[in-house]
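Visitor: Assembly of the complex is requested from the two constituent chains, each provided in isolation within its own frame, with the hints serving as guidance.
Taken in sequence, the protein lines are chains A and L. Quick note: the first sequence, position 147, residue 147 per this note's numbering, numbers continuous. Quick note: the second sequence, position 57, residue 57 per this note's numbering, numbers continuous.
By construction, these hints were calculated from the structure, which means they are not laboratory data. No residue lacks a Cβ here, since even glycine has one placed at the ideal position from N, Cα and C. Do not rely on the hints blindly, as some may be mistaken.
Mimicking DSBU-like on lysine-lysine, the simulated pairs with C-alpha atoms at most 30 Å apart in a straight line are [to be verified]:
1. LYS67/L <-> LYS177/L
2. LYS177/L <-> LYS92/L
3. LYS90/L <-> LYS128/L
4. LYS2/L <-> LYS99/A
5. LYS99/A <-> LYS144/L
6. LYS99/A <-> LYS38/L
Per label pair, the in silico range of CB-to-CB distance [to be verified]:
7. GLY15/L <-> TYR196/A: 43 to 49 Å
8. PRO151/L <-> GLY191/A: 55 to 61 Å
9. GLU171/A <-> GLY133/L: 32 to 38 Å
10. GLU171/A <-> ILE35/L: 38 to 44 Å
11. LYS141/L <-> VAL110/A: 43 to 49 Å
12. LYS64/A <-> GLU42/L: 48 to 54 Å
13. PRO151/L <-> PRO167/A: 37 to 43 Å
14. THR159/A <-> GLY15/L: 24 to 30 Å
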Amino acid sequence: MKKQVTLLREFTKGLWETNPVFKQILGMCPTLAVTVSAINGIAMALATTFVLVFSSLLISIVRKWIPNQVRIASYIVIIATFVTIVDLVMKAQFVELSKALGPFIPLIVVNCIILGRAEAFASKNNPLRSVLDALGNGVGFLISLFALGSIREIIGSRTILGYQVLPNGFEPWLIMILPAGAFLTLGLMMGFANMYIERKKNLEREALIAQYRRVGKEEITDEVLKEAGV
Amino acid sequence: MKQVTHIIATLTLIGVIAGGSLSLVNNWAAPKIAINQKAETERAIYLVHLDGKRYEEIKNAGFEVYKVFNEADSSVGYSLVYSGNGFQGKIKLMIGLTEDLNKTTSIEVLEQSETPGLGTKILEPPYKDQYKGLVTTPAIKLVKGVEPSNPYEVQSITGATISARAVVTIVNEGISKLRAVENKGASK
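Just chain L, with the same shape it has in the complex (with noise of 0.2 Å):
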């Protein structure tokens, strides 16, 4: 009996010890965690948006979206965090839009794990910067081996397709979704 009560103790008192410091650590740091989260998600909101000045979060859209406003405070579109999977993982995206959804501003790939190289080729200005104005109707599509020849194509990376794919149909995925939130746009 004196055996269990003295486990008992020490395991309490073990528990008890160790939540109380992370508590106080927990105090400590939890408001930093926040300021750099925020940080980050407002660079990366300007990142697509590059006259921003100001951003109001649309809630209630079932994922994270923006609205963007430039200096004069009025609106220059969107900025839509959207993600899918890519060749390994996750693929993060923040997507600038414009106000009426039919075109890119730019793309910012927040987070990714796809085969150094190759796939994060998508991290690159000659993949990335062609959603630079990119008209997104009817639907952003993939094109291998010519010269995109219309407003709403993307040339495909060699050896990486699947990434490059990836990254088109999050964006087409996010955008459909974003229309059918705010009503707007051409249907399909």
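Just chain A, same shape as in the assembly (with noise of 0.2 Å):
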């Protein structure tokens, strides 16, 4: 039996451990195509995360009745179905948000975020849990999302949710804006953020040592390492 984790941690491990961008990399496409801003971003983050709350509280709920064989085909169903409503709401209210995402929120059905969610978590966990694992993931993708769009848009448009921040002399860097931004400002903060983790392992490793040492332990091999978890 899998040790069961407490419910907060079942919310905060995907904002940051198990970050569906950073970590998971999943969900790629609408991360690079719709952050040319800030308000983009948070808006795609927004309609991702509705989508992945109710699909996966309701195929938590319905999981048991579900045979096997078909799981997929009604998963694809009741993600399709959200994500259908959530394009016909933002059409008939937010019209111009509905145009800057245009194609991006339909194509949400086939985000491997929730599927890949539906799949690992929801299926095989209460509803109560599902939803909170969910609702980690969607605010993990939503930071990932906006912190991307904002670099983007100071950088590409000298602005930060249409508020300007850089002055007029700041010649704008068109390439952040297009396509090839995206990648560039998704590659270095990946980066920096492997460079991180690495280097906050490598500190607990080395304290970890260096306290083996002071109570006089005579062999620190990898095993011993590895046990202590680092």
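Guide: Laid out in structure tokens, this is it:
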């Protein structure tokens, strides 16, 4: 039996540890395509989170009735229903936003984050945990898209959320709002994130080795360290 | 057999529920979406005819075109929606034309996916304003490097010749199509 983690962990793990963009590397298509500005990133992430939470909830509720052979088909129909609802509501109420996001709203259906969470989590866990997991992943997605969108918007068009932050003397880097800018920014952000994690890991390892030395532990092998979890 | 029934029943049930809930949402959203679209077209029609107060769609033209009337209910010309290929994708224009089709009143870009900062200059006044009162006979011509010397010439955009030329081509094509429909204006 797998050890049950606390409900809070269920939510917070999606924020960073299993962040959909930086750790699971899922949902790259909307991530790269819509983050020309911070507001687009937020809108895309909110739409995705809505679909993610409701489809996870529903899938988790019906998980015991769905025969194994047709589970993917069932999940896709459920997800597609929520996506269509979001698309229609956005077209009716938020015309500008729906125009800016264009075909990427209907494409949430095939966003791997949603099917990924449905298959890996919601189909095996109870509704409460599934919703928390979906919310965590959604917020993680939101943070990533907002960060990416902000960086691209600041350098590419001198503004953030439409407010000018860089002086007129600063020539905007056009490449940042072109597709290439998305790849560059995402790559650099992932690189820095990994660098930070690596460094943290090394520090923990060294601290542990030092501690073992102090207490006079004889052998400090890789196995010993692995057991201590560093 | 029992399993097959279970599978079919599950999929049918999911399909019915999904379809049912979508039709409910659609019932609510469809009229709103229609209103939004209409408002948008209307806005664009009057953008190229500032004195327009009422418009009528010309049917059976094969493309979107509207006849625009002013306050006194006399015709001020046409608002023509026409699209063509730009640099990376389609460019969709709203073209304002006078009653005799020999002059443009102005143009408005409805949709485009040109290169930001270069091709998107077709949206900006220095280029766009050239279409205010531009003569359309014999045909609009794009000039590069030099100032336009004839009333039917448009100056190109440095670094975005393809986008600038695309707009000219779309306007010319739209006008000649409209002439054919309305049997008006100078023939070639």
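Visitor: Run every hint past the structure and note whether it holds.
Guide: Now for the hints, and whether the structure bears them out:
1. At most 30 Å may separate the alpha-carbon atoms for a hinted pair to count; LYS67/L and LYS177/L meet this at roughly 15 Å.
2. With a C-alpha separation of about 15 Å, the suggested pairing of LYS177/L with LYS92/L holds against the 30 Å cut-off.
3. Under the criterion of a C-alpha separation no larger than 30 Å, the hint pairing LYS90/L with LYS128/L is consistent with the structure, at around 17 Å.
4. A threshold of 30 Å between alpha carbons decides the hint, and for LYS2/L with LYS99/A the separation of about 48 Å lies outside it, so the pair is violated.
5. Of the pairs offered as hints, the one joining LYS99/A and LYS144/L is violated, with about 34 Å between alpha carbons and a cut-off of 30 Å exceeded.
6. Taking the CA atoms of LYS99/A and LYS38/L, the gap is near 15 Å; set against the 30 Å cutoff, the hint holds.
7. The hinted range of 43 to 49 Å is satisfied by GLY15/L and TYR196/A, whose Cβ atoms lie roughly 47 Å apart.
8. Judged by the Cβ atoms, the range 55 to 61 Å given for PRO151/L and GLY191/A holds: they are separated by roughly 57 Å.
9. Restraint check, GLU171/A to GLY133/L: a C-beta distance of roughly 34 Å satisfies the suggested window 32 to 38 Å.
10. The hint said 38 to 44 Å for the Cβ distance between GLU171/A and ILE35/L, and at roughly 42 Å that hint holds.
11. Between LYS141/L and VAL110/A the beta carbons are some 46 Å apart, a value that agrees with the proposed interval 43 to 49 Å.
12. Between LYS64/A and GLU42/L the C-beta distance comes to about 52 Å, which sits within the given range of 48 to 54 Å.
13. The beta-carbon spacing between PRO151/L and PRO167/A, approximately 41 Å, falls within the hinted interval of 37 to 43 Å.
14. THR159/A and GLY15/L have their C-beta atoms about 45 Å apart, which leaves the hinted 24 to 30 Å range violated.
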